[in-house]
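Participant: Starting from the two chains in their separate frames, assemble the complex, guided by the hints.
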Amino acid sequence: MNNKNNYFMHAKINIAVFLGVFLGTHLCAQPITVTDVVGREVTIPAPAKRVILGEGRQLITLSLLVPDPAAIIAGWTGDFAKSGGLLYDEYHKRFPAIAKIPLIGTSGKETVSTEQIIALKPDLAIFGAGSHGPDAKSADVIRALEAAGIPIVFIDFRLHPFKHTVPSMELLGKVLGREAQANAFVEFYNRRMNHIKGTLAKQTELKRPKVYMEMIRGAVPPGSPGKGNLGEFIEFVGGNNIGAILPGEVGTLNMEYVIGEQPDVYIATGIAKPGEEGLVIGQSVYTFQTQASLAKLAGRPVVSPLNAIKENKVYGMWHLFYDSPLNIAAVEAIAKWTHPELFGKLQPHGVLKEINERFLALPLKGVYFAELKR
Amino acid sequence: MALDINEIRKGYRQQFIRRIVLLCALGIATLVSFFIDMAVGPSMLDFSQVIRAVFSPDTVELAEKVIVWEVRMPYAIMALLVGACLSLAGCEMQTVMNNAMASPFTLGISAAASFGAALAIVIGLSLPGVGGDWMVVVNAFLFAFGATLLLQLLSSIRGSGPEGLVLFGIALVFLFNAFTGIMQYIATVEALQQFVFWTLGSLSKANWDNIPLLAILFLSTAPFSLASAWQLTALRLGEDSARSFGVPIRRLRFLSLLRISLLTAGAVAFAGIIGFIGLVGPHIAKLLIGEDHRFSLPASILSGALIMSLASILSKSVVTGAIVPVGIVTSLIGVPVFVALILNRKKR
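Residue numbers (the numbering used here), protein chains in the order written: chain F, 1 to 374; chain Y, 1 to 348.
What the hints contain is simulated information worked out from the structure, not anything from laboratory work. In this text the structure is predicted, and so the values were computed from the model without any measurement.
25 Å max Cα-Cα, derived SDA-like pairs, lysine to any residue:
id, chain 1, residue 1, chain 2, residue 2
1, F, Lys227, Y, Leu314
2, F, Lys207, F, Asn240
3, F, Lys310, Y, Val54
4, F, Lys137, F, Val166
5, F, Lys273, Y, Val189
6, F, Lys310, Y, Trp208
7, F, Lys174, F, Val34
8, F, Lys82, Y, Trp134
9, F, Lys121, F, Thr33
10, F, Lys137, F, Ile118
11, F, Lys273, Y, Gln184
12, F, Lys310, Y, Arg52
13, F, Lys82, F, Asn356
14, F, Lys273, Y, Pro128
15, F, Lys227, Y, Leu192
16, F, Lys202, F, Asn190
17, F, Lys137, F, Arg50
Bound-form chain Y, shown alone (with noise of 0.2 Å):
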């Protein structure tokens, strides 16, 4: 008997340290991403000047350091934010809606942020005292956090069984759709053309005034999702079994809710619609690492801002000299992974 707990502390903590070993090797490739992100750009400028540029600015001629500080930069580190942000959203949702398929953008809460953009950008309506280019980021987030607070009301009046959760965000989805279509509808030509390049999803905002606001949102909320690793495992057993733990679980969705929409509110209102990040990067991490919260978050973080930091290379690399909206670099690099998935899940 007591050799089998012995044996059993073995396995788990031969589990343990193969699973902080996976972590640190997602991490250190993101870590890698990152560099080569930093380092890959139509300039000829080499790895050694972009160090230079980086720890010595003052060193170097005022191009290299506009080109490593004001270009490359903010673009990388915009990418792991946004990928983070959106896998970390994925995974809770993925979690709380009990259904493989969930996403930030399933509940509608995309499309309501792209309809506070369209709102934005078509008829100029933001919040009073709110200008500029500061319109279209204040309403997406408004209306993603928004779309998720409807969300809970509804279906707390009507019991919060993750299924009719689903359904209210599908009822949500069409509903800011038809909204958005008006817009479209109603919008002038240049409107049209900057609103269809906003939903694209693009890096090319990122700047320092923005990337320091998203670092905080992330920085405020992962702690919390990490937090509550514990619990999110115990309800993937089944509502009945984390009950029994003494999951308050009304409250747990509550709050993961809560933080699935400020953090995909962040990443849509700087970044614009970026697809399959929070949809295949919380499954990377869960093939990789299981269904413990306690990996599978972090796994996801990494995960995600990986696929990100990959797809920002790529725009940029596609065709020279231009920036291919990273929205759509994502998705193509998502979907074949997706499929991946798919197939290799049907095998088993």
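Chain F on its own, in the form it takes in the complex (with noise of 0.2 Å):
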């Protein structure tokens, strides 16, 4: 009897942990469906575990959710191993994959090649809405990828920074299959979002210090952001963006109307490397290395009338940050050498070194933002 008992109980538990694994993995298998950010119904039958990257640089954005981002990639464009500096260089010893991932093109849309994309056979191919990949607007390379079963979603950090940051992130995590990380960096992201808006809208009568930002761009004049890019952020954090009179995205200011409209803050971002001219900021990058770039590029004779080099009111930037769910460090940066008085206790290095502990699969270390000091 104790035996027969036992023997049931036996049974019992089989096949309770045979439903459990069974439902489990039913579960796991259930489909998936999102809407992305340009408004498409995707539906995926499970996890992707094999995706594509319409924008290299993305590899950043799986590292806050995935431990091991390259083993996920099933192909790329080229482009975060050519800018990626001295960041690309520590993923490569990281994660020696990387550089075995195959390419779906080197840099522009027009290099990208829709076969290969769908010889790899991907789960899913996951482009930027607008971006220097495919994006919302390869009407071909969308209609060949459906046609071949190939899902694709579109996330966007370039576009409209604020308004996608956090679908595009929720998105990827229910795709990934890793949304408690996706939750729980977007509630980070909100908390320190919100603080910002929340103090910005308490007061009553806001000064909009005047802002002159230059992207630093090697051999060619600087460029300064128009309405979109890096000016949505000067604007956002209470900022006037000098820059927002030219007709494009970005473009060339006088610098005859720079010096008439006298920023109060000067900002440039740059990705070069130690050793190479402009703005030397980012990973692996020491922080008297930026401060002699910061200085050379403070020290010209056309910006020496600008009350914001007078009053040292200069500030550097790594450029990336305004393509990618990090925008919060950038955000929470220009806010602070913008209305120090309301922001002066956010410290940038801080957000990145609470990301890097929670959230990066890769710690960023090196100089991600700067202070000229004299």
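Facilitator: So, in structure tokens, the structure goes:
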């Protein structure tokens, strides 16, 4: 009897375990339906294990959610390998596999091979809604991939960073089966953004300091953001972007206009490595190197009459924050520099530290923000 | 008979005076345009302030001094120099090629310069010891100059007729465009943006480091052009006539190409690709003053400088506060003039 009971008990447990396992896997295999940032409804049978990145630099985005991002990338564009600088080298050291990820194109959307994407048999293609890689306007790529049964989701940190970062991260959490991480990041992101939004909303008479931003890009004269792009960051934190008069997203300001405007704050952005011209900043860069390059920029005769220079409100930041969920760190930095009376306590490198500890598969180490010391 | 000679002398003198007057008028127009260029800008500096900032820079505010000395003046001078270089090169080019459509950009010189710039911008390749901003300048110059030597070599292998030279030049255009295409294909997005901006042509790289270099280049080249004026005029009558006057045609063509490549390479290296000046400048000059190179060479210099100076004014006036790359504006001014020229030619 005892034996019999035991037998039944075992059988019951076995069935329960079996059911549990069965139901569990069944639950996991439940199709996932999401609506992406351009409003397309996309269904995939299970969390994606092999994805295509339409923009290689979104590796950093994946690193926020996945411990080994290199393992899930089936193919990508070559842009991050080239413009990622020392950060790419570090990724390569940590995840040697990224050197072997097949290329679907080199950099521009014209170079992307649809055939290559299909041949790689990915579970999912992740494209930016407006990006340097294939984007929402690449109708032929979208049509071909859909015909081949490869689902595409569009994320966006570039066109509308403040509207789309959260939905993009939630979306990625779902399609990659990393909802817990994504939700934690979104919670972190919202909390920090709400602090800035809330503080600004409380100001009855907000003075908007004029901000002159230069994107330092080596051999050609620096560009400045117009209404979109990083200009949106400046406006968001309660600054007045003097580049807003530009007709395009990015353009060249007449230095005479800049002098006439007398900006209160000067911010340079760049991605130069040590030894290169421009703003030396980013992964594995030392503070003295950033300071030297920033001092050189601030020492040009043409900017000498600016109040921002005279009063030493000279700042530098890593350029690639603008197309990334890490934009929160850039927002805090620009907020701090533009309204020190409101946001003086914010620590942009502290935000990065928290992101490093809680989220990133590969921590950002080096100089990402700088204030010129004299 | 004696009377006839006097008549001819009188006619010649009249023509001579007319041409001198025209040259002076062009010179004055260029000067006026330069002053307007110096006077126009988004800040409300009036002309008297500009003059004071120019002549006694230490008595004005720092902002005014910097606006005049670091922004307006370098741009305005660079415009004159670039226009003068390209137009003079174009005038010589049209004569030695015996082709009214020739310009420094027809023979692959600027295509080569573009490739040199792309090498520097995209993969950071230049001569050892050359770094930073100078890589683009040095590369553009070397490739433009190299292309001319290659051209000279190719055409000397198979006889140096102008037709052969034009055909080789066209081949070079396609060759270097293909090379540049490869560079663009492998470029990062950031490098590509830099390169595209560079090819649009811009005066905003003008500063007190590069202006003297271009000025020296121009001043050490132009006198040799002017000194060969009569030989060039003779060549304009046809190779056979020129040879009968004792003009050493091969040598003339080689030295002329050398000057053209120096002038073009210099202008392109500092200002990027600026189209149409090298084509339209000489045409305006010749329409006004005729084919006598003693006059058409200086007239080309002045008309090129004038168009470029006008383009510079326009490039900062289209959008207040912003600078439209001057290469775009130049073509916008150049195309209507060029079309009018062609239509006018048909009527005659």
